[in-house]
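Novice: What follows is each chain in one-letter form.
There are 2 protein chains.
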Amino acid sequence: MRLSRYFLPILKETPKEAEIVSHRLMLRAGMLRQQSAGIYAWLPLGYRVLMKIQKIVEEEQNRAGVVELLMPTIQSADLWRESGRYEAYGKEMLRITDRHERDMLYGPTNEEMITDIFRSYVRSYKDLPLNLYHIQWKFRDEVRPRFGVMRGREFLMKDAYSFDLDQEAARHAYNRMFVAYLRTFARMGLKAIPMKADTGPIGGDLSHEFIILASTGESEVFLDKDILDLPVPGEDTDFDADLSPIIKSWTTPYAATDEMHDPEAFGAVGEDKQVSARGIEVGHIFYFGTKYSEPMGATVTNSDGVEVPVHMGSYGVGVSRLLAALIEANHDDDGIIWPVSVAPFHVGLINMKPGSEADGACNALYEKLEAAGVEVLYDDRDTRAGAKFASMDLIGLPYQVIVGPRGLKNGEVEVKNRATGERQMLSPEAAAEALIATVKSQS
Amino acid sequence: MRLSRYFLPILKETPKEAEIVSHRLMLRAGMLRQQSAGIYAWLPLGYRVLMKIQKIVEEEQNRAGVVELLMPTIQSADLWRESGRYEAYGKEMLRITDRHERDMLYGPTNEEMITDIFRSYVRSYKDLPLNLYHIQWKFRDEVRPRFGVMRGREFLMKDAYSFDLDQEAARHAYNRMFVAYLRTFARMGLKAIPMKADTGPIGGDLSHEFIILASTGESEVFLDKDILDLPVPGEDTDFDADLSPIIKSWTTPYAATDEMHDPEAFGAVGEDKQVSARGIEVGHIFYFGTKYSEPMGATVTNSDGVEVPVHMGSYGVGVSRLLAALIEANHDDDGIIWPVSVAPFHVGLINMKPGSEADGACNALYEKLEAAGVEVLYDDRDTRAGAKFASMDLIGLPYQVIVGPRGLKNGEVEVKNRATGERQMLSPEAAAEALIATVKSQS
Numbered sequence: 003m004r005l006s007r008y009f010l011p012i013l014k015e016t017p018k019e020a021e022i023v024s025h026r027l028m029l030r031a032g033m034l035r036q037q038s039a040g041i042y043a044w045l046p047l048g049y050r051v052l053m054k055i056q057k058i059v060e061e062e063q064n065r066a067g068v069v070e071l072l073m074p075t076i077q078s079a080d081l082w083r084e085s086g087r088y089e090a091y092g093k094e095m096l097r098i099t100d101r102h103e104r105d106m107l108y109g110p111t112n113e114e115m116i117t118d119i120f121r122s123y124v125r126s127y128k129d130l131p132l133n134l135y136h137i138q139w140k141f142r143d144e145v146r147p148r149f150g151v152m153r154g155r156e157f158l159m160k161d162a163y164s165f166d167l168d169q170e171a172a173r174h175a176y177n178r179m180f181v182a183y184l185r186t187f188a189r190m191g192l193k194a195i196p197m198k199a200d201t202g203p204i205g206g207d208l209s210h211e212f213i214i215l216a217s218t219g220e221s222e223v224f225l226d227k228d229i230l231d232l233p234v235p236g237e238d239t240d241f242d243a244d245l246s247p248i249i250k251s252w253t254t255p256y257a258a259t260d261e262m263h264d265p266e267a268f269g270a271v272g273e274d275k276q277v278s279a280r281g282i283e284v285g286h287i288f289y290f291g292t293k294y295s296e297p298m299g300a301t302v303t304n305s306d307g308v309e310v311p312v313h314m315g316s317y318g319v320g321v322s323r324l325l326a327a328l329i330e331a332n333h334d335d336d337g338i339i340w341p342v343s344v345a346p347f348h349v350g351l352i353n354m355k356p357g358s359e360a361d362g363a364c365n366a367l368y369e370k371l372e373a374a375g376v377e378v379l380y381d382d383r384d385t386r387a388g389a390k391f392a393s394m395d396l397i398g399l400p401y402q403v404i405v406g407p408r409g410l411k412n413g414e415v416e417v418k419n420r421a422t423g424e425r426q427m428l429s430p431e432a433a434a435e436a437l438i439a440t441v442k443s444q445s
Numbered sequence: 003m004r005l006s007r008y009f010l011p012i013l014k015e016t017p018k019e020a021e022i023v024s025h026r027l028m029l030r031a032g033m034l035r036q037q038s039a040g041i042y043a044w045l046p047l048g049y050r051v052l053m054k055i056q057k058i059v060e061e062e063q064n065r066a067g068v069v070e071l072l073m074p075t076i077q078s079a080d081l082w083r084e085s086g087r088y089e090a091y092g093k094e095m096l097r098i099t100d101r102h103e104r105d106m107l108y109g110p111t112n113e114e115m116i117t118d119i120f121r122s123y124v125r126s127y128k129d130l131p132l133n134l135y136h137i138q139w140k141f142r143d144e145v146r147p148r149f150g151v152m153r154g155r156e157f158l159m160k161d162a163y164s165f166d167l168d169q170e171a172a173r174h175a176y177n178r179m180f181v182a183y184l185r186t187f188a189r190m191g192l193k194a195i196p197m198k199a200d201t202g203p204i205g206g207d208l209s210h211e212f213i214i215l216a217s218t219g220e221s222e223v224f225l226d227k228d229i230l231d232l233p234v235p236g237e238d239t240d241f242d243a244d245l246s247p248i249i250k251s252w253t254t255p256y257a258a259t260d261e262m263h264d265p266e267a268f269g270a271v272g273e274d275k276q277v278s279a280r281g282i283e284v285g286h287i288f289y290f291g292t293k294y295s296e297p298m299g300a301t302v303t304n305s306d307g308v309e310v311p312v313h314m315g316s317y318g319v320g321v322s323r324l325l326a327a328l329i330e331a332n333h334d335d336d337g338i339i340w341p342v343s344v345a346p347f348h349v350g351l352i353n354m355k356p357g358s359e360a361d362g363a364c365n366a367l368y369e370k371l372e373a374a375g376v377e378v379l380y381d382d383r384d385t386r387a388g389a390k391f392a393s394m395d396l397i398g399l400p401y402q403v404i405v406g407p408r409g410l411k412n413g414e415v416e417v418k419n420r421a422t423g424e425r426q427m428l429s430p431e432a433a434a435e436a437l438i439a440t441v442k443s444q445s
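Here the protein sequences line up with chains A and B, keeping their order.
Those letters in the first sequence? Residues 3 to 445, per our numbering, in order.
Those letters in the second sequence? Residues 3 to 445, per our numbering, in order.
Looking at chain A on its own, in the form it has when it is part of the complex:
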């Protein structure tokens, strides 16, 4: 993409309303614009990252055998009256009356609707297990939306739902999602730690939050540092096999949010292994049994011909929130530092002097990289080099290639690694080859 044809409105000033670093950087880097309180337009650079995150989430859901569909944003209030949550949800639910005076709402989550879809088609235990997910915009009318997309009102979420005949089968569905989440966040370059979560009045031990570590995270977490070195399950994981050994290895070392922290148990962890850090919740998985299937009549006939309510779980990933979480975990004073897997572009190509012989070298590099699947944002604008450098650092593309007449006299361009600051002078050919190889190995 040539910057002269792109829409990247970099801000020089830091908007006052931004209280946290990810919000500040997203506004400054031209990724996001607030349209109303807690409601954002995703400008082109932000949208690209959002779609990269969505794609990773989808790939890992599909790998785990979850099937994608899409439910609408607007729901009927009647469904929520069936489950008993219409009144219980309170003011966070955006309630709507349509032209025929019907009570509708903007879905804050989809347990009711997916249960309704399930019950209208599925009759027999032979059709189980069933795992469905969608990635759709949700709305929660927060009383005080803030922190940008970290706590917005309109937000993008992946929510999955499992349907099983009994608790044992539901446990397997839960384990599959647990493993899928470990893989999902690791692919984004994040350290995500599953932590036992409060299950509220339902009880049971089947709820985990996935917390990523970030120095500017919203809450304090406590860990046994062994958990940081656990291997993430590989691409070749067999999701039909017994996954409980993996779950056990990840749930044995101590790890707890502030809310669930047990100082005594933490004390039992050797002092040299105690870590306290800051974290951000990016996923939550939950087994809730027959909470919705019973009141809503989502039953199947079991092998004895008896009608039984199905056991369900739900599994969320905050897709738009992840964008902010990624920035909280990856930034410095100059701006964002994207991991390759979610970067809006892989390479920022800076033409130091448009109109000079740098044009030809830049065009050749641009074509070569793009043809190899390396995504390039080419700054071909006729502006000051200093402003170009600052913008590239701010938007945080993993690699920069700086092309100017002076370097070209020696047959060289400069390649900069945004994360390490390391710089290398290379021939344009060598630079292209190195970038193609390194981007491929990290994508």
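Hints listed in this document are in silico derivations from the structure and should not be mistaken for laboratory results.
Some hints could be false.
For chains that are exact copies, the list does not tell them apart, and a pair is met inside one copy or across any two.
In silico SDA-like links for lysine to any residue, alpha-carbon gap of 25 Å or less [claimed, not checked]:
| # | residue 1 | residue 2 |
| --- | --- | --- |
| 1 | Lys442 | Asn64 |
| 2 | Lys57 | Lys442 |
| 3 | Lys14 | Glu309 |
| 4 | Lys128 | Ala43 |
| 5 | Lys128 | Gln138 |
| 6 | Lys128 | His174 |
| 7 | Lys57 | Val342 |
| 8 | Lys93 | Asp105 |
| 9 | Lys57 | Ala43 |
| 10 | Lys14 | Tyr127 |
| 11 | Lys193 | Glu261 |
| 12 | Lys355 | Pro407 |
| 13 | Lys293 | Ser38 |
| 14 | Lys355 | Ser305 |
| 15 | Lys390 | Gly413 |
| 16 | Lys193 | Leu232 |
| 17 | Lys93 | Asp80 |
| 18 | Lys128 | Asp384 |
| 19 | Lys198 | Leu232 |
| 20 | Lys293 | Ile137 |
| 21 | Lys57 | Ile137 |
| 22 | Lys14 | Gly299 |
| 23 | Lys57 | Asp240 |
| 24 | Lys14 | Arg383 |
| 25 | Lys57 | Leu72 |
| 26 | Lys390 | Pro341 |
| 27 | Lys193 | Ser251 |
Model the placement of chain B on the given structure of chain A, informed by the hints.
Specialist: Structure of chain B alone, referenced to chain A:
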């Protein structure tokens, strides 16, 4: 995808509420479920087609130099008060009051919001031209939603907006979109005809509807049959070049909707070339000058230092509606007939006798085709062959491969072309090679 693990709720009965063939077939083929009047859940098979359509639209927008972003679904009423459309829009607008008693609405379109984004960042003619698009759910509270996703309340639309310094530049933006639309619909296997549309009080000749031909289309259209043979601009079209010769070739032969029909002009077309047909509107492009930029203050400084309102256009494609339009244009008595480019899967693999030697042959074919990028829906269920055949015809995958013990004795499987009904007995290897080649050539 193995059908035993998929969610494909085929209906045997035709739901009574479905008045048109696409709605009937989408419900029967397990693609769609109505959640409220005019509001649908996209079941897995339907969602796959929707995403294929979206991807083609995106690729052609990107090729034409339009930049993607994403605006939110919920908008502030204040923006619409600025343009004067808040009152004018009437009951079709879904109006919402949030917990702080602020007037909001579910966007039926985005002229106001994109103008607001533009004016907050762009100051100079040097930043023009600018072309932006998004693909987002919209809501129009139709008094009587019907015909399934052909006229739903919550629907997916691609809307693009162009910003230019003057009318001449805006004309070029318009021409680019005109060409992009010709390519977009052709890639879906549709005959799309641009027809002059009523521009209302704004006047001018810069509005065209794109109507696709379908025997069961909603409205009557009149054509000079020469237009059916015009070449669609190729992938290598230079969108920076003068596109007016292409536009001229497509706007010279007679083509009109019922509304704009001029019997006298149609009479002047030779009688042997007069075609009257049925059509469905799937796109609409529109130049509207300074209609929004003036009241909303979206101005730039021109090269003389004078502040002038920008010239705008908007360009819509009904993404969810296209799914219905595609079915109206491609079906027979047995069900849907998908063109390869938008088919939910390319091949339906039918195992005639699970548990027999057919399993090995099916697994080998499945692996081989998937590895080559051919998307396979593998019916591995232990059900009647007749039901499997009927389901495959109903869901309309372009090719079927039928594998049974009898054929395998002769070393053969059967390949069926859904569109022509043609059947061939081939070795499994030859079948795989033929399918890989034919799918690649049409994707």
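Novice: Does each hint fit the structure? Answer for all of them.
Specialist: Here's how the hints hold up against the structure:
no.	hint	in the structure
1	Lys442 - Asn64	both (22 Å within a copy, 23 Å between copies)
2	Lys57 - Lys442	both (17 Å within a copy, 23 Å between copies)
3	Lys14 - Glu309	between (64 Å within a copy, 23 Å between copies)
4	Lys128 - Ala43	between (44 Å within a copy, 24 Å between copies)
5	Lys128 - Gln138	neither (29 Å within a copy, 37 Å between copies)
6	Lys128 - His174	within (17 Å within a copy, 59 Å between copies)
7	Lys57 - Val342	both (14 Å within a copy, 23 Å between copies)
8	Lys93 - Asp105	both (15 Å within a copy, 16 Å between copies)
9	Lys57 - Ala43	both (20 Å within a copy, 21 Å between copies)
10	Lys14 - Tyr127	between (60 Å within a copy, 20 Å between copies)
11	Lys193 - Glu261	within (20 Å within a copy, 61 Å between copies)
12	Lys355 - Pro407	within (7 Å within a copy, 70 Å between copies)
13	Lys293 - Ser38	between (35 Å within a copy, 23 Å between copies)
14	Lys355 - Ser305	between (75 Å within a copy, 23 Å between copies)
15	Lys390 - Gly413	within (22 Å within a copy, 65 Å between copies)
16	Lys193 - Leu232	within (10 Å within a copy, 56 Å between copies)
17	Lys93 - Asp80	both (17 Å within a copy, 22 Å between copies)
18	Lys128 - Asp384	between (65 Å within a copy, 11 Å between copies)
19	Lys198 - Leu232	within (17 Å within a copy, 64 Å between copies)
20	Lys293 - Ile137	within (23 Å within a copy, 36 Å between copies)
21	Lys57 - Ile137	both (10 Å within a copy, 16 Å between copies)
22	Lys14 - Gly299	between (57 Å within a copy, 23 Å between copies)
23	Lys57 - Asp240	within (21 Å within a copy, 30 Å between copies)
24	Lys14 - Arg383	within (17 Å within a copy, 61 Å between copies)
25	Lys57 - Leu72	both (15 Å within a copy, 16 Å between copies)
26	Lys390 - Pro341	within (21 Å within a copy, 46 Å between copies)
27	Lys193 - Ser251	within (16 Å within a copy, 58 Å between copies)
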